[in-house]
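Visitor: Turn these sequences into a full structure, and let the hints guide you.
One letter stands for each residue in the lines below.
There are 4 protein chains.
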Amino acid sequence: MLKIYRLDDADIARILEGAQSKAKEMGVAMCIAITDESCNLLAFMRMEGGKIPSITIAIDKSYTAAGTRKATHDLAEASLPGNPVFGLTSTVGGRIIVIAGGLPVVVAGKVIGAIGVSSGTPAQDLLVAEAGMVAFEKG
Amino acid sequence: MLKIYRLDDADIARILEGAQSKAKEMGVAMCIAITDESCNLLAFMRMEGGKIPSITIAIDKSYTAAGTRKATHDLAEASLPGNPVFGLTSTVGGRIIVIAGGLPVVVAGKVIGAIGVSSGTPAQDLLVAEAGMVAFEKG
Amino acid sequence: MLKIYRLDDADIARILEGAQSKAKEMGVAMCIAITDESCNLLAFMRMEGGKIPSITIAIDKSYTAAGTRKATHDLAEASLPGNPVFGLTSTVGGRIIVIAGGLPVVVAGKVIGAIGVSSGTPAQDLLVAEAGMVAFEKG
Amino acid sequence: MLKIYRLDDADIARILEGAQSKAKEMGVAMCIAITDESCNLLAFMRMEGGKIPSITIAIDKSYTAAGTRKATHDLAEASLPGNPVFGLTSTVGGRIIVIAGGLPVVVAGKVIGAIGVSSGTPAQDLLVAEAGMVAFEKG
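Residue numbers (this note's numbering), protein chains in the order written: chain U, -4 to 134; chain D, -4 to 134; chain W, -4 to 134; chain G, -4 to 134.
It is possible that some hints are incorrect.
Same chains, same label: a pair holds when it works inside one copy or across any pair of copies.
Keeping only pairs whose Cα atoms sit at most 20 Å apart, straight-line, the calculated EDC-like set for lysine to aspartate or glutamate is [unchecked claim]: (1) Lys133 x Glu12; (2) Lys46 x Asp4; (3) Lys19 x Glu43; (4) Lys133 x Glu20; (5) Lys105 x Glu32; (6) Lys(-2) x Glu32; (7) Lys105 x Asp4; (8) Lys65 x Glu43.
Quick caveat, the hints were computed from the structure, so don't treat them as lab data. Quick caveat: nothing in here was measured; it's all calculated off a predicted structure.
Guide: Okay, structure coming up:
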């Protein structure tokens, strides 16, 4: 039997709170998703004014970060036409997102979940995701 | 131009809190979803131990309740073989759920959102959804 | 952080071997799927002559057993027209299977994975799934 | 009537074993899929630590290699913007993968199945797929 580590309820609350605070401070209504180490949704919040397509994009950014164990934007260059994973963005039913805003939660070298943020610019999405990670680490 | 009414952030927090408190009191880890009047996801929470298929089922119960403007279990009888909406459960890619646990949020006769709960028995799911509604009305 | 238990490679090999041996003994070519505690596929084998729709059905039986934490056939009665979870079979994109042949792997009260078998009669599928569980427990 | 040639159980075991041995030697946990000449799944194995999106990607690489009768990476250049099959990667629901790691199994000029590997870099995935082919040919 394997032993696996996963975000718990307190972790989730902390990440959501940290991300939402940052989004409010920035004045951008965000969709924020948190996924476990197996890429399954744990929590989601669409702030007042968050965009409808961003519901799916935030969820899929967290799916991608948990599944690839990378920040979503770190997949972007390799996915360009002519590069080794060109076409990655249409795999898994289009769920692999290479736009900034998805970050894995890593503890002792193991991915235990991920956050995905969408509705702002990619740079704004990433700032909010990072604020979630900072809140997690303060835990 | 139409004016639409919709759950706001404070409503969502209150419904989630009411539903989760009830679930904890009952000792059942639930998936809880809240959808707006347009059937789009506003919030989701999978408590520790909530079931994986219930992620989708909770979201789809709230989709169904917002979309049909009925409690999900109120659709069950009409969906039986031989009855007028037999086959309803496989429409919209299978998103229409007629199992208890989805309730519309109604204010002055207008549906402004919905809650969907899954992971327990249908009776348990409904109790938790009702607790969310009670918390909303206390607002 | 939560600690989760999951089938390991040795567990998987033992379950597959036990199930396949039984299927050969019975003279029925089976599709056999093994899923982890999060409903994600770990292993799949279609024996020579296994049926094409059974690829998906075996995978979805293991998904259902892991996700509902029940034998798939234990969901059948409650799913009948007029019963509490009527319509369950079309939820989650039709992935919830209530036909015999899916069993959760339970250790100390926790589901750590599941097996799903398809291609024979439901009774044959269940016998093969049970043989997989016996092999696991002998481990 | 046509006579079709297809991988048999012994072929599958040999390919899986060869691929897994190479993956272990390289220290990379892989998802490995084997598909028949009709693009239908024969076998799948996710080694401990294989990635969740790679379940689908490995299966789809073997689907692509069996279906196009080419190594997946041989489709990459023609799929580039401006080239003749630009857009190929989003066809068939996104199942056509042009990333390295999918190889057809060819005997006497006929494709009798395919292997797909995912979880490492494309170069690592290809090495593991090739090791599967070497094991097949040694048969």
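Visitor: Indicate, hint by hint, whether the structure satisfies it.
Guide: For each hint, the structure was consulted:
For the identical chains of this complex, Lys133 and Glu12 are intra-copy neighbours only, at 12 Å inside a copy versus 24 Å across copies, given an alpha-carbon limit of 20 Å. In this homomeric assembly, Lys46 and Asp4 come within 20 Å of each other (Cα to Cα) only across copies, at 15 Å, whereas the closest approach inside a single copy is 26 Å. Proximity of Lys19 to Glu43 under the C-alpha cut-off of 20 Å is restricted to the intra-copy arrangement: shortest distance 10 Å within a copy versus 27 Å between copies. Taking CA atoms no more than 20 Å apart as the test, Lys133 paired with Glu20 passes inside one copy only; the shortest distance there is 19 Å, against 29 Å between copies.
For a Cα distance limit of 20 Å, the shortest separation of Lys105 from Glu32 qualifies both inside one copy, at 9 Å, and across copies, at 18 Å. For the homomeric pair Lys(-2) and Glu32, the shortest alpha-carbon distances inside one copy (12 Å) and between copies (11 Å) are both at most 20 Å. In the homo-oligomer, the alpha carbons of Lys105 and Asp4 lie at most 20 Å apart both inside one protomer (18 Å) and across protomers (19 Å), since each shortest distance falls under that limit. With identical chains, the CA atoms of Lys65 and Glu43 are at most 20 Å apart between copies only, with a shortest distance of 18 Å across copies and 29 Å within one.
Violated hints are absent here; each numbered hint is respected by the structure.
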